[in-house]
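Construct the complete structure from the given sequences, taking the supplied hints into account.
At position 16 of the sequence shown the residue is numbered 15 (numbering that gives the first Met the number 0), and the sequence of numbers has no breaks.
Derived from the structure by calculation, the hints contain no laboratory data.
Mixed in with the good hints, there may be bad ones.
Pair by pair, the computed Cβ-Cβ distance ranges are [unchecked claim]:
| hint | residue 1 | residue 2 | range |
| --- | --- | --- | --- |
| 1 | Arg156 | Arg94 | 38 to 48 Å |
| 2 | Arg156 | Asp117 | 18 to 28 Å |
| 3 | Ala23 | Arg90 | 35 to 45 Å |
| 4 | Leu57 | His149 | 29 to 39 Å |
Note that this is a predicted model, so its numbers are computed, not measured.
Every residue, glycine too, gets a C-beta built ideally from N, C-alpha and C.
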Amino acid sequence: MLGSAREGGVTESLARRAAEGLPAGAECSWHQLSGLRFSGESASGAEGDEEACLKATLEHSDIVIVSPLYWYSVSAQTKLYLDHWATWMMRPDLRFRDRMRGKTLWAVSTFARGGAQDAEPLVGMLQRTARYLDMTWGGALLHRARSNGHLADPDARLHAESFFAAAPESP
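Next comes the structure, spelled out in structure tokens:
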């Protein structure tokens, strides 16, 4: 789930590099959250963009949150997507919580200043989300980006390629 306000940014590039390290035959789909329109209805049926996002969330065994670090957390688009998880949990017909159990939640994020410790609120929120839904926490790929849109760490791309091979943590 691509949560950046701009397509093709450094966070998305890092995530796509990580996806190159997936095993042969692994399915991968990309969903840009910035263009989605959510209804805002608390317990209504999902329609349009929201329906497509819900379907993608439920169909995949792994959910990867790809968001630059904004004010020590995920982007507004990503937060709105995660807020809809609560909405979907209120719909008994979806059995959302049951269907999320056992999936793996991952994070890919970049930050412009500071260090990886500044992303602790982002990582903590997603770890707690995984734990609440009995999901497995896969881990977080965090790297510093330069103002020119490039990764500051020359080893970041190598680290990305092996990211999904790491053993996820149990809930």
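Hints versus structure:
In this structure, Arg156 and Arg94 meet the distance hint of 38 to 48 Å, their C-beta atoms being roughly 39 Å apart. For Arg156 and Asp117, the hinted distance range of 18 to 28 Å is satisfied, since their beta carbons lie about 21 Å from each other. Between Ala23 and Arg90 the CB atoms are about 36 Å apart, so this pair conforms to the stated range of 35 to 45 Å. The beta-carbon spacing between Leu57 and His149, approximately 35 Å, falls within the hinted interval of 29 to 39 Å.
Against the hints set out earlier in the document, no violation occurs for any number.
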